[in-house]
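*Asks:* Here is what each chain is made of, one letter per residue.
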Amino acid sequence: MTFDVYLNVAVAGVLTGLVYGLMALGLSVIFGVVRVVNFAHGEMMSIAMYIAVLLFSTFHLDPLIMLVPIAAVMFAFGYVLQARVINPFVTRPEHSQFLLLVALAIIIANTLLILFGPDARTVQTSYAYDSFQLGPVLIDASKAYAGAAAIAFAIALFAFFRFSLVGKAIRACADNYTGALVVGLNVNRLYALSFALGAACVGAAGSMMTLIVDVTPSIGPVYTLLAFVIVITGGLGSMAGALVGGILIGLTEALAGLLFTPSAKSMFAFGILVLVLLFRPQGILGRRPS
Amino acid sequence: MSALLSLERVSKRFRGLVAVDGVSFAVPQGAIFAVIGPNGAGKTTLFNLIAGALAPDGGSIVFAGEPIAGLAPDAVCRRGIARTFQLVRPFPALSVEDNVIAGALLRQHDVGTARERAQALLRRFELFERRYQPASALTLPDRKRLEVARALATEPKLLLLDEVIAGLRPTEVDRMVAVLRELNRESGLTIVMIEHVMRAVMALATRVLVLDHGTAIAEGTPEAVVRDPAVVQSYLGAEVV
Amino acid sequence: MTVAVITRLADDVPRRTLILLGILLAALLVAPWIVNDYLLTVLIVTLYSAYTGQAWNIMMGFAGQLSLGNALYAGLGAYLAAALFTDFGIGPWIGFLASIPVAAACGAIIGFLAFRFGVAGVYFAILTIAFGEFARIGFDHLTIVNASAGLFLPVAQYAHNDLWRLRGDPTMFYYVILAATVLAFVLCRLLLRSRIGYFWLAIREDEQAARAVGIDTFRYKMYAVVISAAATSFAGVFYAFFYNNLFPEQVFNIGRSIEMILGPVIGGVGTLFGPILGAFVLNGLAETLNATMSAVGLDLPGAKEVFYGLCLLFVILALPEGVWPPLARRLGFDKGKR
Numbered sequence: 000m001t002f003d004v005y006l007n008v009a010v011a012g013v014l015t016g017l018v019y020g021l022m023a024l025g026l027s028v029i030f031g032v033v034r035v036v037n038f039a040h041g042e043m044m045s046i047a048m049y050i051a052v053l054l055f056s057t058f059h060l061d062p063l064i065m066l067v068p069i070a071a072v073m074f075a076f077g078y079v080l081q082a083r084v085i086n087p088f089v090t091r092p093e094h095s096q097f098l099l100l101v102a103l104a105i106i107i108a109n110t111l112l113i114l115f116g117p118d119a120r121t122v123q124t125s126y127a128y129d130s131f132q133l134g135p136v137l138i139d140a141s142k143a144y145a146g147a148a149a150i151a152f153a154i155a156l157f158a159f160f161r162f163s164l165v166g167k168a169i170r171a172c173a174d175n176y177t178g179a180l181v182v183g184l185n186v187n188r189l190y191a192l193s194f195a196l197g198a199a200c201v202g203a204a205g206s207m208m209t210l211i212v213d214v215t216p217s218i219g220p221v222y223t224l225l226a227f228v229i230v231i232t233g234g235l236g237s238m239a240g241a242l243v244g245g246i247l248i249g250l251t252e253a254l255a256g257l258l259f260t261p262s263a264k265s266m267f268a269f270g271i272l273v274l275v276l277l278f279r280p281q282g283i284l285g286r287r288p289s
Numbered sequence: 000m001s002a003l004l005s006l007e008r009v010s011k012r013f014r015g016l017v018a019v020d021g022v023s024f025a026v027p028q029g030a031i032f033a034v035i036g037p038n039g040a041g042k043t044t045l046f047n048l049i050a051g052a053l054a055p056d057g058g059s060i061v062f063a064g065e066p067i068a069g070l071a072p073d074a075v076c077r078r079g080i081a082r083t084f085q086l087v088r089p090f091p092a093l094s095v096e097d098n099v100i101a102g103a104l105l106r107q108h109d110v111g112t113a114r115e116r117a118q119a120l121l122r123r124f125e126l127f128e129r130r131y132q133p134a135s136a137l138t139l140p141d142r143k144r145l146e147v148a149r150a151l152a153t154e155p156k157l158l159l160l161d162e163v164i165a166g167l168r169p170t171e172v173d174r175m176v177a178v179l180r181e182l183n184r185e186s187g188l189t190i191v192m193i194e195h196v197m198r199a200v201m202a203l204a205t206r207v208l209v210l211d212h213g214t215a216i217a218e219g220t221p222e223a224v225v226r227d228p229a230v231v232q233s234y235l236g237a238e239v240v
Numbered sequence: 000m001t002v003a004v005i006t007r008l009a010d011d012v013p014r015r016t017l018i019l020l021g022i023l024l025a026a027l028l029v030a031p032w033i034v035n036d037y038l039l040t041v042l043i044v045t046l047y048s049a050y051t052g053q054a055w056n057i058m059m060g061f062a063g064q065l066s067l068g069n070a071l072y073a074g075l076g077a078y079l080a081a082a083l084f085t086d087f088g089i090g091p092w093i094g095f096l097a098s099i100p101v102a103a104a105c106g107a108i109i110g111f112l113a114f115r116f117g118v119a120g121v122y123f124a125i126l127t128i129a130f131g132e133f134a135r136i137g138f139d140h141l142t143i144v145n146a147s148a149g150l151f152l153p154v155a156q157y158a159h160n161d162l163w164r165l166r167g168d169p170t171m172f173y174y175v176i177l178a179a180t181v182l183a184f185v186l187c188r189l190l191l192r193s194r195i196g197y198f199w200l201a202i203r204e205d206e207q208a209a210r211a212v213g214i215d216t217f218r219y220k221m222y223a224v225v226i227s228a229a230a231t232s233f234a235g236v237f238y239a240f241f242y243n244n245l246f247p248e249q250v251f252n253i254g255r256s257i258e259m260i261l262g263p264v265i266g267g268v269g270t271l272f273g274p275i276l277g278a279f280v281l282n283g284l285a286e287t288l289n290a291t292m293s294a295v296g297l298d299l300p301g302a303k304e305v306f307y308g309l310c311l312l313f314v315i316l317a318l319p320e321g322v323w324p325p326l327a328r329r330l331g332f333d334k335g336k337r
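Chains as they are written, first to last, in numbering that gives the first Met the number 0: chain A, 0 to 289; chain B, 0 to 240; chain C, 0 to 337.
To be clear, the hints were calculated from the coordinates, so they are not data collected in a lab.
Honestly, I wouldn't trust all of these hints.
What the hints assert, rightly or not - Per label pair, the in silico range of CB-to-CB distance:
| no. | chain 1 | residue 1 | chain 2 | residue 2 | range |
| --- | --- | --- | --- | --- | --- |
| 1 | A | A75 | C | D168 | 29 to 39 angstroms |
| 2 | B | E128 | C | R192 | 21 to 31 angstroms |
| 3 | C | A107 | B | L86 | 26 to 36 angstroms |
| 4 | C | T142 | A | A75 | 44 to 54 angstroms |
| 5 | C | L38 | A | P261 | 53 to 63 angstroms |
| 6 | C | N244 | A | V8 | 29 to 39 angstroms |
| 7 | B | R226 | A | P92 | 49 to 59 angstroms |
Claimed, not checked - Output of the computed footprint for chain C on chain A, the stretches with three or more beta carbons under 8 angstroms from beta carbons of chain C:
| no. | stretch |
| --- | --- |
| 8 | 96–103 |
| 9 | 142–156 |
| 10 | 226–239 |
Yeah, the Cβ is synthetic: ideal placement off N, Cα and C, and Gly gets one too.
Isolated chain A (complex conformation) (with noise of 0.2 angstroms):
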């Protein structure tokens, strides 16, 4: 019986974790290659979720299916935000990048604010409360299109940076910027490219979180610190990574919410930071710098 419960709590953890993993897999691409540290993905993800609040709330569109153009429209914003503003500090130290982000963090969040309001705002589907069970687990079928839905869109972000043309042209431009630069790739362009495309992940995400929790203007920062310590968990600069970390720090939580109480699940997930950057500190995928 108690190890049902546990069964279920993992697997949930480990859903959730997939929708975590695909929106720090956003961050780890706009580090990966533009080398900034968004400190507004949070806050881009809470744009992508009153997106799909309001889709939901006014033409009863479903988040899961809304989440191809959910990711559309976060892709043209990253697009924008990057070769319009982000572009002339790429060459500036940390701190002045980081204050820029924060700048725009804060205009984001209080938009938002002014738009919608302080209260949590939720979407609710007629398959809210729907499970499966599958032999002695019972799944939170909310979840488990989430989950599904990340798994795609991750391996859609895979296959286009594997076998696409562009997708080669911004891994050449992450490995060597100044060698992009010589064989004549468009580096800015790529930049905003692949801005847009953390964008689109952090999109998607934010579309599957509305399933799994409600959204306030203020929830940003927290979630771009997890985005962070899922990052690092798994091995900054290593996508499969950011997805193996999700899953990860999902579990993590799920657990220490069922084992302790959820409001103090984050420490737990921050202990496994400190785990990670103790025992293996270039994370659990990446690869040690020489």
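Put chains B and C on the given structure of chain A with help from the hints.
*Replies:* The following block gives chains B and C in isolation, referenced to the frame of chain A:
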């Protein structure tokens, strides 16, 4: 004369590529020792191994009777080896004087004394007038001189110079050669230099080591080395001096 | 001895800079007699951010290590001093002495984890946030300090000022934080012009080159973190006794850390006067916004913050070095500067 620095079969590989392959040599106290060789011969890697920026995969490096292979770069410097970087890296936002003071403070704990020492060095390298300028405002030859001054400020027993003469104008080459010779004569400073400018090597070096593809192909006096057929073929052959 | 220190402090500072600092200090000293209670509180808050900004600047501006979690050290100082006061009646100055090793040890742990492997600077920044959040959630569940219900200090009678126990009217708090700010300024100048300061700047500029001149970069980065953490913990002690209530959600909030950074970044990272100027610019801006908003009768939650964010954006786009360096050049305060 006992050896101040000696390397014994030192090797370094980068992912299968052998950059330095079993190199051995000894630098006597008070010598000016030049390392020459074509581009990509492993000269800078060799320097990085001595200076602690890289750890060798094999072999031993002994400085003043103690093994130093694998020590951190700052520890190596505290033992008395100072270096310059091939691609100069002064502290850009700091003034020329502060750059050298930062080096001098290693041995002189008092800032005033360190400043005096720094100013003496800046006079010697003809940078005194520019001492309040930020290092980033200097021309490349001036930045090279600043690097040498900063390295000397740490009061080394051994100075590693990575192409500090290449890129200077002929008159500047002569001035740098004169200063280095002076330092060597006055205080018995031992110098190991990587250099492409053969005129400077011939004028300064007491011994020359020739590297090619990571291996030492010749060692001897400058005159002997330039006559060595292996050297002529591998290195000088293309661009006869 | 004192005279010697003062002469050394003024050593090769341009005359006009000394005069400006003198005027500023005099104005701040007489301020409580001139301004009303509200403005006095604004000044206290401004000096508080100047002080915390100065402490943060040691880490980032001098040694080049970006900390985004300095609220952690302030929070530890606040909670430790407040708990000692409410539970054992131990005064805040002893509380501060006790908080120094605690904050320093915390900084040392973060520094150790981040610097040991010499990995990218981003690690340190993110670890500092992570530890701040760890503390926020941890204190939210720590029942000995009342967890999320908050820790309250007995509110003072304003009958007389007790400096030893930090109970009194705003004027007393004003002079305490003014003294702390002046001390921090002096300490930073002394540090910057000593051996450690040169080593920090070298590390900030180019860590590899710093190692090549024999600087033990790990050790000196640790010193920067530890000194900055200890200095910041005093701000926390002050905060606890000034506001008389502590909630983990507020004290350890990442917003507090960001507030500590804004001043020096706006004023000029790595400059001695930047954190002070930046604090005045920011708080002046915030107060002007408040006044304007209430004058036009606009009560829209978030509007002020959006405008604040836009102003920040403007400053970082237009003045990448911060406000002070270009201003100093224009006013000629950099002449004769070494």
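*Asks:* Would you mind marking each hint as holding or not holding in the structure?
*Replies:* Checked hints:
1. A:A75 <-> C:D168: 29 to 39 angstroms: Violated, at about 56 angstroms.
2. B:E128 <-> C:R192: 21 to 31 angstroms: Holds, since E128 (chain B) and R192 (chain C) (Cβ atoms, about 23 angstroms apart) stay within the stated range.
3. C:A107 <-> B:L86: 26 to 36 angstroms: holds, 34 angstroms
4. C:T142 <-> A:A75: 44 to 54 angstroms: holds, 49 angstroms
5. C:L38 <-> A:P261: 53 to 63 angstroms: violated, 44 angstroms
6. C:N244 <-> A:V8: 29 to 39 angstroms: Given about 36 angstroms between the Cβ atoms, the range holds.
7. B:R226 <-> A:P92: 49 to 59 angstroms: Cβ of R226 (chain B) to Cβ of P92 (chain A): about 53 angstroms, so the range 49 to 59 angstroms holds.
8. 96–103: holds (count 6)
9. 142–156: Violated - the stretch 142–156 of chain A has 0 residues with a Cβ nearer than 8 angstroms to chain C, which falls short of three.
10. 226–239: holds (count 4)
Checked against the numbered hints given earlier, this structure breaks hints 1, 5, 9; the rest are met.
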